[in-house]
Amino acid sequence: MRQLLIVGGRIIDPSQGIDMVGDLFIAEGSIARVGRNKEATPSEPCPVLHAKGMVVCPGFIDLHSHLREPGFEEKETIATGTLAAARGGFTTVCCMPNTQPPIDSEAAVEFIQSKADAEGAVRVLPIGCITKGRRGEEMVEMGELAEAGVIALSDDGNPVRDSRLMRYALEYSRLFDLFIIDHCEDTSLSEGGMMNEGWVSTRLGLKGIPAAAEDTMVARDIALAELTGGRVHIAHVSTAGSVDLIRRAKDKGIAVTAEVTPHHLTMTDERVMGYGWENKKASPLPLSCYDTNAKVNPPLRTERDLQALVEALKEGVIDAIATDHAPHTDVDKMCEFDLAAFGISGLETALATVFALVHRGEIDLMTLLSKLTFEPAKILRKSEMGTLKVGAAGDVTIFDLDAEWIVDPSAFASKGKNTPLAGCLLKGKVMATIYGGDISYRDDAMKLETARREVKSKT
Amino acid sequence: MRTTKQRETEPSLEVATWRRRHILDLDDFAREEIELVLETTDAMKEVLSREIKKVPTLRGKTLVTMFYEPSTRTRVSFEQAAKSLSADIINLSASGSSVEKGESLIDTARTLQALGADAIVMRHYHAGAPYLIAQHIEVNVINGGDGCHAHPTQGLLDLYTIREHLGTVEGVRMVIIGDITHSRVARSNIWGLSKMGAQVVLSAPPTLLPVGLDASAFPPIAVEQNLDRALEGADVIMPLRLQLERQKQGLLPSIREYIQRYQLDAKRLAKAKPGALVLHPGPMNEGVEITPEVAQGAQSVIEEQVTNGVAVRMALLYLLMGGAQ
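These protein sequence lines map, in sequence, to chains U and R. If you read the first sequence in my numbering, its first letter stands for residue 1295, the second for the next number, and so on. If you read the second sequence in my numbering, its first letter stands for residue 372, the second for the next number, and so on.
Read the hints as simulated data drawn from the structure, not as lab findings. These numbers were taken from a predicted model, which means no experiment stands behind them. Keep in mind that the hints are not guaranteed to be accurate.
[Stated by the list, open to error] Under the rule of at most 30 Å between Cα atoms (straight-line distance), these lysine-lysine pairs were calculated in the DSBU-like manner: (1) R:Lys472 with U:Lys1711; (2) U:Lys1672 with U:Lys1426; (3) R:Lys638 with U:Lys1501; (4) U:Lys1672 with U:Lys1608; (5) U:Lys1711 with U:Lys1409; (6) R:Lys472 with U:Lys1627; (7) U:Lys1501 with R:Lys454; (8) U:Lys1721 with U:Lys1346.
[Claimed, not checked] Derived DEER-like restraints, expressed as beta-carbon distance ranges: (9) U:Thr1623 with R:Thr443: 36 to 42 Å; (10) R:Ser475 with U:Arg1429: 28 to 34 Å; (11) U:Glu1597 with R:Ile461: 44 to 50 Å; (12) U:Asp1456 with R:Pro654: 38 to 44 Å.
[Stated by the list, open to error] To give an idea of the chain R side of the interface with chain U (calculated C-beta under 7 Å), a few residues: (13) Gly499; (14) Gln506; (15) Cys519; (16) His520; (17) Pro581; (18) Val582; (19) Phe589.
Beta carbons are placed, not taken as given, at the ideal position from N, Cα and C, and that holds for glycine.
Could you build the full structure based on these sequences and the hints that come with them?
This is the structure:
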């Protein structure tokens, strides 16, 4: 019998409001027992993970990842991307369809699924395209994709410009209860833009992307969701304006959900100035400025936006934290800023990045963990994920809230070493990730006893 | 006065304070450093006034110019400066080189270093490109203009020209007119002039003014959208080149309307202080941002800017490449 006992950890499950020290027993790939004082201990010897001083919670769910396969295997593969996910504490990743070919057919979905079954370290849920070839012209055959197993639709990176097409997609998607994830960007406002439009872009002489490029599209999508009754999910919200619009839409009861990335929650456009830049009035640029690892779309915004995003997360205006893991090669990034690819390799730093908010007292741990577990599961309508309820999937993440580590991209499991956090000291470390009852990642410091003998369950 | 012997050899200057490796923008220049450059330029102008405009200072040194964007004055100016100091010069342009074969900028710069370049001057249409190569090679990097970001040698030659005519830059009111958003010259001038105690006034329609000028991007700058008001009390006026495609991009309703409101003509010039200097970074669109009458008028120092450019670049090459010896 496949079994695993996790002992002595601080068990936190936002889906049930549990926060207690106890043991967790997983059997046959599902949560079997959770309890204090060895209530959960099985009578027979089984493998044991010691989690004293650590947090044990449902495995994280990432609504937004780029695994790059098929087509861009030099950037990432399903094997390396899911390993990176496991190291980041994620047991489920939803992968975006901007691959080559794009995920707009049953065959493409099946390719992802078979690769994930064979090589995946964690669960992969494919997202299909909204339009054929992500060209923004004709809807995909949603029925075929739904039957093949996509969990949502998105033309990520290529926002659907044609409002009429978006309207029909939202209407038609109701037939299959699929939700639509939109990357909100008015490309006529953002065209040629390289970073947030503001004093930093002015200083660097780079073309800016105004916040309004996102806000206007969010407003449109909300209006269309209201019109059609379709479910729209706003990807990687980055502006205070979007937050206001989503808040009002939710107040009106419109079916809209939203996600935010760890980087938009913790970094501003000043990060493009590179390390060594002193945040003083009119200080000189360091040699490391024009940091292409801080080039991401939507761009890192301002302190005001950042504060609004944190507030929105606390209030529930933003439902989930998603990584928008976007791995790229060195060649894609070691070049002129204008030519560099957009994106941050985020799976392996996500947890420690957002824990900064907990350590600073800006958000409580239970709320934050709900944004990585229970809330994304709700959006996916997967009641067996993101929870430690008995019978749920045996997906568990164990982390040390206070462990400090220095980000070393060369040690990433992801092929994408593109992170603006290289060399940064982060606090909070994933110690083990259990997917479907099996250990998919375990830190060297995490002890595993293969068979515990001195169990006294009847004491 | 210098002795004949000195004149035949080298300008004698104190370069002990110069520890700079690259010239990427003026934002990291101290005021004393700028003063040293301007004083060194005086000596170089003297060299250029000789019958034989050449000193052996940089003999055996190699300067490579990498110009990814078309340029007449900056490239030729550097070439002339290098030759006057007896340096060898190699001109590389993007077309006809391995750049066309897709070689990365870093690899091209490393190759030039391996081939023996002592300094590289780079002009690039992407902002930040000189910072990128400066991180990866050991040789001196001089920014010859990067995208909309900076053009430090232009900023220095403008400072020199102003100082030459007005005696000082301190307290000078300089009005820069036009397409500030896309102007690397404006950005570097803001740094240089502010550091030397001048007041910079920007005058442009809102679509040509970048956002965030009032925050911590730059030293304090005044913005006066009405050109007539901006020109009151001006000591120096610099209209920027207006690229005609700005109209196509929708930033302006028409060139005609721009001319009506922002062209520097004799009537507007009269609103500035008597004898105010007219500068232009070139190339000019005569009849657009400036009338030919003003461009060639008595107050124009546009040609002197070009001449001074050679001396300033000689000073910079001397300080960068010769100063260490």
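Quick one: which hint numbers does this structure break? Sort them smallest to largest. 3 and 7
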